[in-house]
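Enquirer: Single-letter residue listing:
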Amino acid sequence: MKRYSAFAIAREALRGHIGWERAWRSPEPKAQYDVVIVGAGGHGLATAYYLGKNFGITNVAVLEKGWLGGGNTGRNTTIIRSNYLQDPSAAIYEKARSLYETLSQELNYNIMFSPRGVLMLAQTEHEVRGYRRTAHANSLQGVKTEFVSPDRVKELCPIISLEGPRYPVLGALWQARAGTARHDAVAWGYARACSDMGMDIIQKCEVTGIRTEGGKVSGVTTTRGDIGCGKLGIVVAGHSGVVAEMAGFRLPIESVALQALVSEPIKPCMDVVVMANTVHGYMSQSDKGEMVIGGGADGFNNYTQRGSFHHVEETVRALVETFPIISRLKMLRQWGGIVDMTGDRSPIISKTPVENCFINCGWGTGGFKAIPGSGWAMAELMAKGASPLADGFEMHRFREGRFVDESVAAGVAH
Amino acid sequence: MTTRLARGGRLLNRGRALEFTFNGKRMTGYQGDTLASALLGAGQRLVGRSFKYHRPRGLVASGAEEPNALVNLGEGGTFEPNQRATTQELYDGLAAESQNHWPSLEFDVGVANNYVSRFLPAGFYYKTFINPRPAWKHLFEPFIRQSAGLGRAPKERDADVYEHFHVHVDCLVIGGGIAGLAAALKAAEAGREVLLIEQTAHWGGRAPVDGAVIDGAEADAWVKNTVETLEGMENVRIRTRCMGVGVYDHGYVLAYERLTDHDPHPDLPRHRLWKIRASEVITATGALERPLSFAGNDVPGVMLASAVRDYVVNWAVSPGDRTVVVTNNDDAYRTAIALKEAGLEVPAVIDARTAPEGPLVERVRALGVRVETGRAVAKVKGRAKVEGVAMTMQAGEGAVLEVIDCDAVAMSGGWSPVVHLWSHCGGKLVWDDAQAFFRPDPEKAPTGADGQPFVRVVGAANGAMTTADVLADAGADAQAAPEAAGPIEPVWIMPQGAGPELRSKMWLDYQNDVKVSDVQLAAREGYESVEHTKRYTTLGMATDQGKLSNINGLAVLSRSLNAEIPQVGTTTFRPPYTPISFGSIAGQARGDMFQPLRRTPMHAWHMANGAHWEPVGHWRRPYCYLQPAETVEEAVQREVKNTREAVGLLDASTLGKIVVKGPDAGRFLDMLYTNMMSTLKPGRCRYGLMCNENGFLMDDGVVARIDEDTFLCHTTTGGAEHVHAHMEEWLQTEWWDWQVYTANVTEHYAQIGVVGPHAREVLDLVGGMDVSKEAMAFMDWQDGELGGLPVRVFRISFSGELSYEIAVKAGYGRALWDMLAEAGREVGMMPYGTEALHILRAEKGFIMIGDETDGTVTPQDLCLDWAISKKKDDYIGKRGQARSHLTDPERWKLVGLETVDGSVLEDGAYAVAEGRNANGQRNVQGRVTSTYRSPTLGRGIAMGLIRRGPERMGEVVEFTRTDGTTTRAKIVQPVFFDPEGEKQNV
Ligand SMILES: Cc1cc2nc3c(=O)[nH]c(=O)nc-3n(C[C@H](O)[C@H](O)[C@H](O)COP(=O)(O)OP(=O)(O)OC[C@H]3O[C@@H](n4cnc5c(N)ncnc54)[C@H](O)[C@@H]3O)c2cc1C
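For the record, the sequence lines run as chains L and Z.
Sequential numbering of the first sequence, starting at 1, is according to my numbering.
Sequential numbering of the second sequence, starting at 415, is according to my numbering.
Hints listed in this document are in silico derivations from the structure and should not be mistaken for laboratory results.
None of the values given here were measured: they were computed from a predicted structure.
All residues carry an ideal CB built from backbone N, CA and C; glycine is no exception.
Be aware that one or more of the hints could be misleading.
[Claimed, not checked] Computed beta-carbon distance windows for the label pairs:
1. D1288/Z to S149/L: 47 to 55 angstroms
2. V1389/Z to R402/L: 44 to 52 angstroms
3. L975/Z to K216/L: 36 to 44 angstroms
4. P914/Z to P168/L: 55 to 63 angstroms
[As the list claims (entries may be wrong)] Stretch-level coverage of chain Z by chain L, calculated; a stretch enters the list once three of its residues show a Cβ under 8 angstroms from a Cβ in chain L:
5. 704-710
6. 938-949
7. 1298-1305
[To be verified] If you want the ones that stay clear, here's a sample from chain Z, every Cβ over 10 angstroms from chain L, calculated:
8. A526
9. T654
10. D663
11. K795
12. A895
13. R973
14. T1156
15. M1183
16. G1198
17. E1199
18. E1328
Pulled out of the complex, with its shape left as it was, chain Z reads as follows (with noise of 0.2 angstroms):
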């Protein structure tokens, strides 16, 4: 069956027709049709179900505003639940399904609840499914998460691409009707920067289609026209299928583009996302047509009255043959003309207000309609679809007059300005009384920086409703012929004096089944708040964000509650105006794109040679090197011991390098690390800590003096920005007047260790330096060359064993890589990971920033006093460490622990102590924070902080197990091997 008309449709090209399917029907439409009008052309009026109650629903709108027509779409990796069938335009092989139902849309076994809905009034669920208590999480909650949810999951990665644009304008311009034609044409004549966006794929929004009349002309003509001379214009850009999205502080505005919706493309982006930073923003959003609360104004084949209308004269399609038309107000008129214009009958208009006059109702007349006022719709016949209305008195309760045959219903209750873009940024609100809408507020707009209005809001969304009226409000130079309209007549329920009965069968929110009766009980049960009323009954929570229901589900609150209705007000309207794909939020950043992978100069090498990665920060570092057939724990031990006994290699590129230069940059350093840093001499190298302003230790490394006012500032690999900024911070906000800068060159240079007792042979096989003991004692540093390269060798360790770091530009640091590991090969030279030079420093007792520390440590607890500096009046942390708990005696700190049976303690393993505390919580002495099987000493050693920990050496503590079991151990001294340090100082 098609109810396609034979003639009309401005948007259709009847010279292609495209196939599609819907439930697996195959079905054909047009090009230009929505998926909407092409179901509707197909005779398909049942497209989905409800929310809670599963009722049979058919389209009720004609765009951005439609609750009920969801549809999933596609497939695989193009599935998408939830598309708006009437913003979906239709391409051949489109397949759609309905949604929230089974085991078929017209057989949906959830409609049960449906037929015991009086059981599940609003917020049912918070009165009931209390007992028995587990019930809630293994019966009553998967019932109701299975029942809800609308369209399926997704199972697959998404298949498309997606981009950002960032633009910046004078002017944007949000709306293609003839308002925000107008206002761009307007703008981009005074020279302006504009750009213009339109939701949909048209131009002209409502006006062609309400036969609206500009310069004489009718309004698609002057449209035609108006785009033609915009994209003529240098300083203008314009686009449809771009929605404005939200707008936020400082002109700042997201849009959201559909490239390839309408014709999806496997290579080019799905959708674009405009990043929009505009001096002014227009918004000539229109208006939206609001439903009448009458019994059954949910039953498939009741529509706006305006969709009724746009099917009819853009896509040619008729919702039904005989529809009735029910209104308070002149502009459904509009849609009677429409349709007897198209051939169709109206076998009446049903007209809530007693004595309507005008020349639309007069011209409604003419054509032989016949016009019932003073009357209301007590009840739509049929279920599944409209089978007739039985009409009343408006001013009665609903006793039955008449029963109309026809087979759909056009509704009108009047426009709501489209405020949401004016209102996200605080525009505010005023209730306009002889329309009967809320528009903005003229003298609350929302203000930027300045303090001055940067949103403009024109034509129907700023409640200018004829065509006369739009024109002049954006300015335009073009007329129209000023109209006389009758006034509306508020109707919020229809007949006035329905009982319960009927009103608990007018659908406010058709999506979340919320009715009038919902709305009502609400207020009588104390949630008056126009917020708590929607959170009781989920009016407006639906996907259409209450478009629709907002102002009728107020309008009715209020009258419960005795109140005006901007003395109740709005709920919040928030981004996005309608609902914009995650994958378009993301962008670009997914994959690998999602973060920016920071790779060493090595790191090619790395990939070769079996690394396996660990993330760290936004770097990538090898943790360590596997060798064929070996496990990760193997390959740990095995580099730690080559290390020992022969030599080792480390790509330490990754440690963060801040140059701090200038006449201050001593004392600065000295205010920046615990210990002396001015005195240091040039050539000589440092180890500092680095405290935060509660006098916690926050990283540590090597401080290099380069010459006399300039320092090389070792940090962590994790530290390197954060350090930066604090430094920054430091610099910037108080001690802006020392002359100091500071530059993070941490990439400029690649670094590498050479690590163990043939660490200078290898260097010397190398060749270039001197190295010696004599040439270069332990914390010296030195410019000069090795294999040709210009580098600069720090003599310093973190292993314990005879080692250099060597620095070279990182475009050598391949070169170098190479040149060392070549010539190690002589002397067992091994790479080793992160793992490795962990446990070497444990070994040695050598703290480790986010093992040993966590933000609640202090120097003092990691028993690094002699790093403090005594000598000073103050470091950044002093202050801090000098409060009664950073002293207290009782404080955990660091030791050195051994397992009785040599095992390994469990990482994060904390130490009991005897007893509870106050709140019943197990007490306790201390904890783990690093823990390894050395391979050196062939056990299980750890480090600690325990309460007084180095007086109480020789003791043995518990320490807990995931088992539930506790695991003895020693407190020991930190340092376990070579504790006088003679490997290091040969």
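Chain L on its own, in the form it takes in the complex (with noise of 0.2 angstroms):
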């Protein structure tokens, strides 16, 4: 892999740029590999990643019937925190916040992780109780959190509206280490350094049915023929249910659209990420200048990648609220994805019922800030049978009453 950076450019510039690589292969797939990966949103190349990474396992493809990245991943918010409430997920938030820290220079690709803060609004007394437990539940996980006063949420975001008539500003809690990446190069940044490693990332490529023999996973048929496999991880957030029938089991998930939409670039007013969950509304600027702005899900289940336009009102008319000045801003663009819910807003990274089939799912609303770390337990999961990072979140959880629950501490968890 010829690497970047700027003397690369420099170089290329002086030529004309033709001599630029492919950032990752577009090969044929072979009869067999030793894992199969089903899906190629971040979380599935992150565990091919690091299956080859601290693993040495490297004879891996990653299938994906569209376009790598063009999942959730492609279309989310960008919102990276691990301010959790409940120990397993504050555990994997911030496996993965650290991992993003240092990813661009990892992967030698700039992911733009770019540390800018994340303010989570409390405008109850609830919510005030609330955010004031996270921070004690953090300050023992090792997540670095803090409750700030109203006039410290001012001083940081200087537009918002600390009176509003209905829900004043009353604190919040403040992760100076959270902020947002570029969701795109996130994905494209593990496939080039995937496909570096000499595994197969095949595009256009449906996964249509798993195959097994004496209950354990043989290979899988697809729109580009049969891949026999040793093991086998599904990583296909929306699409869970479907592809896990395909195995023959069943899970507790829910596929609802989730909306976000962008307003049209104006110059930096805002450097940290705001969410405001007592009105449903979340909002930051992107270094294009949009508002990126995201909110609830729909309320009823569906495939189609697109949402309907109640809740982006809903959404809109809370952050005109929480943000006036954005009243004379427009929306440009909104658009929807499919996302996994689980009955505990919290992930599944697990053995399945089928020997050597793996599942990582339910990362819901806001799993893109996951991705590293969810791809590091993952990976250990498929390669060991077990993980640290991963206990607590098992299919069998639902069975045992023993949820992961983080409604508990803010309805919304992006």
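Given two chains presented individually in distinct reference frames, assemble the corresponding complex, making use of the accompanying hints.
Expert: Here it is as structure tokens:
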């Protein structure tokens, strides 16, 4: 792999940029791999990457029905934070966040992790108590957060209105090393690194069936032929229920559309990410200058990747109230992604009833931030059969009632 | 300098001159101008700077597709960034500023990027700024942010108002060109309810500009007639300045009407968002012309040929005195004709086709214009304005044949139907090879719930490119003469064999500075999916969303991949068609109207008596009542003490009240609550717990049995709606055959708590009911009269004091409150708020939903086993509670906590345990759920959940503090005050 650098750009600039290599190869599928990963979203690609990097397993294929990174990985609002309440969550999200800190250097691809800080507003007494609790939990979990005053909120985000007539801002949970990253670059950077390790990323290759022998997985059927494998990882987010069914098991997952939207770009006016869960809306400003906005999920199950307008309306209304200056900005684009929701709003990283078949899903509305940590844990689980970071996220927790309930702290979990 | 022509301008009212400013410079235009035409008329060609390289930019288009001419408009509360000059009508006093430059439009330091542009190809930022690590956040990113971003951020609250409209129609027609008008007329004549909307201020679209002849007359005449006919029909509504925004499932369409943007008015709504349900949606949105990709096609003065025509015909402004026309199709010849007719020079038409022929070509030749065929533009001369074009062979590599002097270039690369609205909700496209564009696939329309198509496309939007075809497609009765047109020849770059040097000067996306070479680089690097290319290069991601650039970029990509255009496919079309204001989306729901505020009947009294408010759901409740010179903390402590020692008055009206009625009501409540409710006697109350399916406690409250088949269930303030919904969900999905009705009557009653040792005296003073110990026992309720008002009195207590809750019809609430307040004065009564309520209950060890519970806590965890009936077979949550994790003896359970030093534990503190877990996190063994300073006991008290807590009485555990230290607290019984209940049972 030719390394990227300012020097490489200068060299190429002088010869018309004709010397750049492909970021990833476009191979034909082989008949057999040690490991097949279904789904080239961030989580699937990161799983492959850490299989190679941490365990030397490189005879790996990542199969993608569309284009890599084209699922929720390329549709999300890119908030990265780890101020979760429950221990297993805080562990994996903080692992992910800390990997994000150095991911650009590690992948030699600028994924633009920008620790600009995340404010989660407390707008009721109940929320104040909830976030104070999270701050206490985080201090024991090794996650640096603090509960800050309204004045500090205003200082960090001058465009906020503290005195919304309905819900005054009473304080906020602040994580200074939280932030955003460039979503496409995360997928592309991992893909490039995987390809460089000799792994095959096969796009336009939809898995249509899962083959087993004696209760063990033996391969997959795809739109590009049969592919054998020793181990199989299913990492398909919104379509987890569909693919699990091919393997013969069911998941406690519902797929719903989550929407986001952006404004036209304006000059920088907001450095931090603000989440306002009482009114259901959150906003940050991208490096291009667009205000990036998200809210709640549609209340009905579907796979269409587009949502209904009333949710957009609800979100925008909440944010115009919270940030009055945006009223005269314009909405440029709205879109949706299909998110995989579990009952406790926490993911599943687990063995399955089929031997050597593993699943990683249920990240729902908030899995972008988890990509490196999730890949790390899933790779360890697939390679060694267990991972401390995946502890607590087993499928059977639902049967035991052992939930990792994150809706406890704050309604939304992006 | 003005370039306004002496004659013409079909949209101008020359009788009314309008003054405006651009970057502080005073200019004049006319009524009927857009800001764009007025700027051009005033000789202002340079209108902005591009996003990445800060290149000088002029107008390219004349409508919604314009990528360059974005301005900051207005000031203060009416300031708006990124307003498109081509869609902003001129008004007197308009003040506009160009954007994205420093220090000025003419001299912009950012243009340095342009000179190093070869070092900034597509995606360069993914390949650099990687090291050293902190530099991204502290150096590179701030720089990139500052140089990106276009317009300024508004500073003030929006001074304008907005509104929403909801309408239902049989037929919605979007687009007021001749296709839309004809289709609307057709539908209206068939007796259907029709709404016709047009985004500009004018009817007729392109036809009048293009010289169409309909029924033997000029298009304008037919348009005028048709509009008049439509206006006269009762079943028709028509609106200009109203744009179709998006098409959603089930025939739901959004439209955006700009009511006062053309004539600001402080009192009228600025924008109106229409929410339309239509049985049929007809999109007649026309087509947009595509630029041609030749080197220097972004120099100010290079414009779409159709836009040049628009400026000349509609507004009588000439983009240049000498305009070279460059084309690959017949249509651009119309521009040459329009220019000649206006008396302007056309030095040449450069046509990429080798042998164009047909009436338009002949007419232009006959006008004496030089027509060069098989030729291309090698390069546009000039930097901030066009100075000439270098002509070359289209089939060659760019060797210059001749330089033609000119000051403007009109280009046409063919047309693309506007298929956005068709595509939003699933309509598919086909590639039309002959016309070189995507058009709607009639076989794959968006379908409604019944599987039938609900969107139809007519006119140019459907690929009909002549007046006759458009009218026929729209089913019009009107006729136009068929036109013979020569075929288009797809030309994706000019000249065909251009090398890297030229390709890196061919702009595809003017605003985002994406060039042909960038798309080719993306393809070379493996970003082959059209979505990858878009994201890698930012092609089509600017504020025009690729209206001009997408198809050209796609064609370049498919050529790089050696694939056919339809194989590569388009990116997804998403709403809105063009950007709409957030203000319009929020509509009236702002400020006080943001969410309905729920007020109890006593709200005004609280206001007048120092209420310090707390939002609880949509309600506002007094947190405490401040007396002069008192802090919130002091007020709370006073209220608690006064209630314990004298008597307090509580507005409890917000408590949820749900009537459950019917022969199966008891059976139903037995399922809903963990307790047995069917055995409750009329006249009695019982405290009940409600769990969700997983077994976790979700709500609690007192249930009163009114009569044999009527129960009144009290819920928490925040719980009323979802408890009611929960009841209905079970009734409608599981027990639909049970005879039970539920009604949420929360707001029908005001409810007032009289709490404390003197409570009975207060009721006696008001008089009318015997509320003595003998007449009304604890947990009894009775209907009766107090102070002449019909009331229902519950003898229940959430404080451990002697306490009555009095329900009265909401309309009597204030009267009763006043009577009680007056009577209570003699015995030292004071009102108390929610915080005192919380402390009073905590001193007694009563749980609070949302404090002791968080959705993961069972009644068993809270040691409320006494409220779980052992006699019942089932209740909601029973099975969940049997799961292994919920019966684990290691679970955290409710205890009281007393700090060793008497201080107050912090809210949300955790109890630490020895060691760390496998992920390096500190082990924990419990947490604080409620914590207060108890005025009664003069020390901190708390409740918490502790592992095996009740078995560990007397043990001291350590709790976290924000400063990093810990507080030691002893595990005690959760009832801190009057454990025998002596105060309550008097
Ligand atoms: C609007 C929106 C906003 C969000 N905001 C945030 C945020 O701010 N912060 C945050 O942390 N998270 C956010 N999320 C959530 C986050 O995007 C997801 O949790 C995360 O991207 C999931 O990644 P993934 O790799 O698991 O799934 P995906 O990226 O969806 O990848 C799954 C892949 O599997 C492929 N696939 C499916 N079926 C098959 C098959 N049969 N064969 C082959 N391939 C298949 C799909 O094509 C897809 O590419 C948001 C999500 C949305 C929709």
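Enquirer: For each hint, tell me whether it holds in the structure or not.
Expert: These are the hints, each one checked on the structure:
1. The hinted window of 47 to 55 angstroms between D1288/Z and S149/L holds, with their beta carbons roughly 49 angstroms apart.
2. For V1389/Z and R402/L, the Cβ-Cβ distance of about 31 angstroms falls outside the hinted range of 44 to 52 angstroms, so the restraint is violated.
3. The beta-carbon spacing between L975/Z and K216/L, approximately 40 angstroms, falls within the hinted interval of 36 to 44 angstroms.
4. For P914/Z and P168/L, the Cβ-Cβ distance of about 59 angstroms falls inside the hinted range of 55 to 63 angstroms, so the restraint holds.
5. Against chain L, the region 704-710 of chain Z contributes 0 residues with a C-beta closer than 8 angstroms to a partner C-beta. That does not satisfy the three-residue criterion, and the hint is violated.
6. Given as covered by chain L, the region 938-949 of chain Z passes the check, having 9 residues with a CB less than 8 angstroms from a CB of that chain where 3 are the minimum.
7. With 3 residues carrying a beta carbon less than 8 angstroms from a beta carbon of chain L, the region 1298-1305 of chain Z meets the three-residue requirement, and the given coverage holds.
8. No Cβ of chain L approaches the Cβ of A526/Z within 10 angstroms, the least distance being about 15 angstroms, so the stated non-interface status holds.
9. In this structure T654/Z is separated from chain L by more than 10 angstroms, as the shortest Cβ-Cβ distance comes to about 20 angstroms.
10. Listed as outside the interface, D663/Z is inconsistent with that label: its C-beta sits roughly 7 angstroms from the nearest C-beta of chain L, within the 10 angstroms cut-off.
11. Every Cβ of chain L is farther than 10 angstroms from the Cβ of K795/Z; the closest lies at roughly 23 angstroms, confirming the non-interface assignment.
12. Residue placement check: A895/Z keeps its beta carbon more than 10 angstroms from all beta carbons of chain L (closest about 42 angstroms).
13. The beta carbon of R973/Z sits about 17 angstroms from the closest Cβ of chain L, which is more than 10 angstroms, so the claim that it is off the interface holds.
14. Against chain L, the non-interface label of T1156/Z holds: every CB pair exceeds 10 angstroms, the least being about 21 angstroms.
15. Under the 10 angstroms C-beta cut-off, the non-interface status given to M1183/Z relative to chain L holds; the minimum distance is some 36 angstroms.
16. For G1198/Z, the non-interface assignment is confirmed: its Cβ lies about 36 angstroms from the closest Cβ of chain L, beyond the 10 angstroms cut-off.
17. Under the 10 angstroms C-beta cut-off, the non-interface status given to E1199/Z relative to chain L holds; the minimum distance is some 37 angstroms.
18. Every CB of chain L lies more than 10 angstroms from the CB of E1328/Z, the least distance being 13 angstroms, so the non-interface label holds.
Of the numbered hints stated above, those contradicted by the structure are hints 2, 5 and 10, listed in ascending order.
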